[in-house]
Amino acid sequence: MGDHPLRPAYKNSFHPATAKGVIKEVLEAKLKDKSYNPELTSQWTREIADDIKSKLKELNLARYKFVVNVAIGEQRGEGIRIGCRCFWDSDTDAYAEAQFMNDSLFCSAIAFGVYLY
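For the sequence shown, the working numbering begins at 16 and goes up steadily by one.
Hints are not guaranteed to be accurate.
[To be verified] Computed cross-link-like contacts, DMTMM-like style, restricted to lysine to aspartate or glutamate with a CA-CA straight-line distance of at most 25 Å:
id : residue 1 : residue 2
1  : Lys39     : Glu73
2  : Lys35     : Asp65
3  : Lys70     : Asp48
4  : Lys39     : Asp118
5  : Lys70     : Glu40
6  : Lys68     : Glu40
7  : Lys26     : Asp118
8  : Lys26     : Asp104
9  : Lys72     : Asp118
[To be verified] DEER-style ranges, computed between Cβ atoms:
id : residue 1 : residue 2 : range
10 : Asn27     : Lys47     : 31 to 37 Å
11 : His30     : Arg96     : 24 to 30 Å
12 : Glu73     : Tyr25     : 15 to 21 Å
Don't read these hints as lab results, they were simulated from the structure.
These numbers come from a predicted model, not from an experiment.
Here a beta-carbon is modelled for each residue, glycine too, at the ideal position from N, C-alpha and C.
Put together the whole structure using the sequences plus the hints.
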């Protein structure tokens, strides 16, 4: 066996509430003054995902890998469903999600924290 623990200490594990705060902060900062523009949403989703991932890395959670998914759509009164499936360890891995909406657009962001054994 290596010299790393099989499980992170509680203080060093991915906490969904903390991650949700990070996601909300990024969404608000990036989208508060934006109106839906189909030519720019691809760039916005990349920038938002990169910012969320960078801020999660700043939490210094050793051996955690982060996967971030961002979707932006036009606010037209329609719903959206986002689903995913993955294989993980529920003792160490978790996810957080947050949404942002204004009169013009909606955004859903999900961040997965996966412990690398």
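Each hint, compared with the structure:
1. Lys39 with Glu73: holds (16 Å)
2. Lys35 with Asp65: This hinted pair holds, its Cα atoms lying about 15 Å apart.
3. Lys70 with Asp48: holds (21 Å)
4. Lys39 with Asp118: Roughly 17 Å between the alpha carbons, so the hint for Lys39 and Asp118 holds.
5. Lys70 with Glu40: With a Cα-Cα distance of about 10 Å, the restraint between Lys70 and Glu40 holds, given a limit of 25 Å.
6. Lys68 with Glu40: holds (13 Å)
7. Lys26 with Asp118: violated (39 Å)
8. Lys26 with Asp104: holds (17 Å)
9. Lys72 with Asp118: violated (32 Å)
10. Asn27 with Lys47: 31 to 37 Å: Once the Cβ atoms are compared, 32 Å apart, the range 31 to 37 Å for Lys47 and Asn27 holds.
11. His30 with Arg96: 24 to 30 Å: For His30 and Arg96 the Cβ distance comes to about 26 Å; the hint holds.
12. Glu73 with Tyr25: 15 to 21 Å: holds (19 Å)
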